[in-house]
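Student: So the protein lines, in turn, are chains A and B.
Take any residue in the first sequence, count from 1 to its spot, add 16: that is its number in the working numbering.
Take any residue in the second sequence, count from 1 to its spot, add 5: that is its number in the working numbering.
Derived by calculation from the structure, the hints in this document are not laboratory data.
C-beta atoms are modelled at their ideal positions from N, C-alpha and C, and glycine is treated no differently.
Here are the simulated PhoX-like pairs of lysine-lysine, each with C-alpha atoms no more than 20 Å apart in a straight line:
| no. | chain 1 | residue 1 | chain 2 | residue 2 |
| --- | --- | --- | --- | --- |
| 1 | A | K107 | B | K209 |
| 2 | A | K152 | B | K209 |
| 3 | A | K139 | A | K152 |
Residues of chain B placed beyond 10 Å of chain A at every Cβ, according to the derived structure:
| no. | residue |
| --- | --- |
| 4 | L33 |
| 5 | V111 |
| 6 | D133 |
| 7 | S140 |
| 8 | G141 |
| 9 | G254 |
| 10 | K286 |
| 11 | F300 |
| 12 | M303 |
| 13 | I353 |
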Amino acid sequence: MTDAIEVDHLVKRYGGLSAVAGIDFTVRAGTVFAFLGPNGAGKTTTTEILEGLRNRTEGNVRVLGLDPWTEAAALHRRIGVIPQDFRFFEKITPREAIEYYGSLFGTHPDPAGLLERVQLADKASSRFDTLSGGQKQKTGLALALTNDPEVCFLDEPTTGLDPTARRAIWAVIRSLKAEGRTVFLTTHYLEEAELLADQVAIIHHGRIIAAGTPTEIIATHGRPERLRFDAGPGLADYLRSRLPLSVRAADGRVEVELHEKTDALRALSAVEASGLPWQNFATVQDTLEDVFVRLVGQMDDGTLKSEGAA
Amino acid sequence: MRPARIVADLKVVTRSYLRNPVALFFSLIFPIILIALFGLIFSGSGTSPVTLQVVDLDHGSPEAGVSESFLSALNNTSAVKVVVVNQTEENFAAWLGQNDDPVGLVIPAGFGANYTAHRPTTVLVYTDPEDAADSGVVLGAVQGVANYYNLHAANGTEIVTLSQANVGSQVFTYIDYLIPGLIGFSILTSPMFSMVDVAASYRKEGIFRQLSLTPLTRAEWLTSHFVWYMAITFVTAGIMIGAGLVLFGARVNVTLGLVPFLIVGPLFFVSLGMLAGSVAKTPESAALIGNIITFPMMFLSGTFFPVSDFPAGLQSFAHILPLYYVIDGMNQVMLFSNTMRALTDLLIVLVGAVVVFLLAIRFFTWRDE
Chain A
17 MTDAIEVDHL VKRYGGLSAV AGIDFTVRAG TVFAFLGPNG AGKTTTTEIL
67 EGLRNRTEGN VRVLGLDPWT EAAALHRRIG VIPQDFRFFE KITPREAIEY
117 YGSLFGTHPD PAGLLERVQL ADKASSRFDT LSGGQKQKTG LALALTNDPE
167 VCFLDEPTTG LDPTARRAIW AVIRSLKAEG RTVFLTTHYL EEAELLADQV
217 AIIHHGRIIA AGTPTEIIAT HGRPERLRFD AGPGLADYLR SRLPLSVRAA
267 DGRVEVELHE KTDALRALSA VEASGLPWQN FATVQDTLED VFVRLVGQMD
317 DGTLKSEGAA
Chain B
6 MRPARIVADL KVVTRSYLRN PVALFFSLIF PIILIALFGL IFSGSGTSPV
56 TLQVVDLDHG SPEAGVSESF LSALNNTSAV KVVVVNQTEE NFAAWLGQND
106 DPVGLVIPAG FGANYTAHRP TTVLVYTDPE DAADSGVVLG AVQGVANYYN
156 LHAANGTEIV TLSQANVGSQ VFTYIDYLIP GLIGFSILTS PMFSMVDVAA
206 SYRKEGIFRQ LSLTPLTRAE WLTSHFVWYM AITFVTAGIM IGAGLVLFGA
256 RVNVTLGLVP FLIVGPLFFV SLGMLAGSVA KTPESAALIG NIITFPMMFL
306 SGTFFPVSDF PAGLQSFAHI LPLYYVIDGM NQVMLFSNTM RALTDLLIVL
356 VGAVVVFLLA IRFFTWRDE
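With these hints in hand, go ahead and build the complete structure from the sequences.
Tutor: In structure tokens:
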């Protein structure tokens, strides 16, 4: 499988400040890649460099084999971009916008079909300034598809949208992948990445701190699976004395870390044997969000400590 | 440059504009308001004769024919319009003071008899200190007619006679100067104000960024805007010329010679507006830069008043303003039929427009380093 995007030691400095401090990753063609990170981590800068909207300071970047900065015109014919907070000419309707893009690209898009696809057919003739946030974003998505792009860049496509609109956009992203297009997605919503992405990279302070499939990242950086009971600290003390597993108690809950699935049986029989009151049990796994929060949190703590030491 | 992309962009510009009632009002109704306003305020002065109120105290005397022919000679100068009023000599000054045209003449009793007998006689002219121009016209006319009568009384012969001609072939009124001036005004203001705003706000809203991801080039984008403002200019020029001809009886030449100015002028100011909007960092500073460029030109390029009426210092300042050459060129075409000077003006504007267009393309960037 070929790589649609190759990033090799990418650095972007603004004055003395490094927004992106040497990152590497590749995105295989036909996959969905989610690029995550807190605000100001370097997400948008990286995305704009890949889209050819911003030059880089150092490193090598190839999108579809092209240098995005020097070969921007050729690249732009083959990619589709929806920026964050998509804005367009206020008095123009989605249908007219698609026709306009079609003329600019010299393609012959089917406005009705495209609008149907992004679930905006009923607003085909409404002026852009009368559309809701979600409808504007859908217009952007439809425009990004007018040139039949090989790679789609979606920069926080669902930020600020209601759950229905978000699901509509997710469905489009899935269909893009099904058609063999590559999707480069940035998002704040970790569940979105977990649901849609084949590969994830987390960027923080301009560096990639975790990369892989969502499962790999959780396995590498997450805590083990736990068995959780609603019970008091007395039960936790009892379990600690009986089990070789680590036990934590907080907020009326007790959690037993499981090294193997069968540990759950041992924990459960110990609980039953204790004769102490308990209710409701469940196994809990770290989500990508838990991992993200912890990784970012740890790094910021580390940064603060080292700054404090210096 | 691909015509298809320019046409596509032009379609969007046109629709955006036509769906914006305020913009439409300003470009179509505003020119009519301007020309009506300035036409009404200023077209009164100029060539229409000054009304002269006359009390003829010699009326009814045996030699009344002299005063009658004197007054009709005054009327024939076409500088004044004689209106004989029935007032006493004592009340005349007070009456004039309340009149709209407070310029008067008193022919004394015995005027005809004295003239026939070659005895000195004095006519009294009341002038209006608040209207030096009208007063001067009346004094000159009365003096001229009186001299003529004196010459005849002395059986003299006119040695120097006068025949009148204006510079150019016809007599121009204020409205004739106003039409090219106001066309120039709209060539300047409508692209300048909106291009400065468009340049700054499209960048802020990310619309340029959006367009940079398409094959549309900056030159194509700027060209489509130029074509749009050129169309606006043709419409407003048409409205102004029509209103001037119909409402104010303007006598301007409407020839094809005007067309190059209606093309090159918008090219210059669309590009200049884009340049000003591009060098500014924020919409606010863009508006400020736009105003600094626009306002001096708006008043000092011969828009509302001919530059030749300005003090010498201001005249030389006007000569560095690009709009001066647009308006002067249109004056040459529409009023003076001076083709050579019109061509020189056109050349200056054309060279300027090409330079500013290229500078605008150079400084106006879709994307950041």
